[in-house]
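S.K.: Build the full structure now, drawing on both the sequences and the hints.
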Amino acid sequence: MRYIKDRMLRIGIPFMADLLLINNASVLIARLSPTRPLAELSWNEIPFNRVGVLWFLVVLFVFDLLYCAWRALHGDHFSIDTSIPTPQLKSWLVSAVVLAIIEVMMTTRTDLWAALTRSPLDGLGAQGMHVFTYAFLFSLGCKASNYRWLERLDSHLVIRWFRFSIVLALSLLAICLVLTFNGSMSDEFGRLYLLTAFLNPLIGWGVIAYLLLWFQRNEKNCGNWLAAAGVDSFGTYIVHPIVLVVLLKTISLFSLNPWLIALSAIPIGIIISFGLTHQLRRIPTVAKII
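Under this note's numbering, residues 1159 to 1448 are what the sequence shown spells out, in order.
These are calculated hints, taken from the structure and not from any lab test.
There is no bait here: all hints are sound.
In silico DSSO-like cross-links for lysine-lysine, where the CA-CA straight-line distance does not exceed 30 angstroms: (1) Lys1446 - Lys1378; (2) Lys1301 - Lys1248; (3) Lys1301 - Lys1446; (4) Lys1446 - Lys1163; (5) Lys1378 - Lys1301; (6) Lys1301 - Lys1163.
M.R.: In structure tokens:
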């Protein structure tokens, strides 16, 4: 019960505040910009109270409820058992391929995702096809904490899979470039979209594992700022939408190239969001929530 109360505090309050205040404020700011699509909508057509990027909190809270139910059935006792070996190549490959097939099947449910996109749960319309992959990673994280798998990664396997991921990503990029230059992207977009869905877990496994390995190897050199960034990351996720909207509106006043606006807004927005969150967390009450 203490865990679920903590989740209600850390997820429920930010979710409601972001949904009712930050998301709606972001929509209003976008509405005031004459060059944005929302400017052409009447006030009663403006999409207020939409989940948007908060889909992550909805999914995370559902996973937390399932985790609490599982712990209630199997006991609350948490123990560490390092005798269980870390998953090897076969486990990595089987999980990636199975999830890749599921991703393709979920991607084909275009009617469902289109309906969700038009609903208040619009963020799930963009990310719902990945929900089984997210559920697997959540479950894997829970198991890994019991067996200390992440602390005992096989560096040789991680490096090999990361190289494999890079090859797949570059191959996918090459296919996109060829289709674009040949003018056949519109004809082959459906197949390319399914191929991308299939390759997502295969590429993701290598990238995630390599990042974990890199963080472990550089813990002494970068441990302090990585820890600080990790603490501030949740709050950054909460405040980033309105920071990005305000920043884009400000930069657009200079009549720059759209690509230059986007490329400059992304890193600047991330830095501002982290800085703002770090300052907000100096307030004790806020620090308990974000």
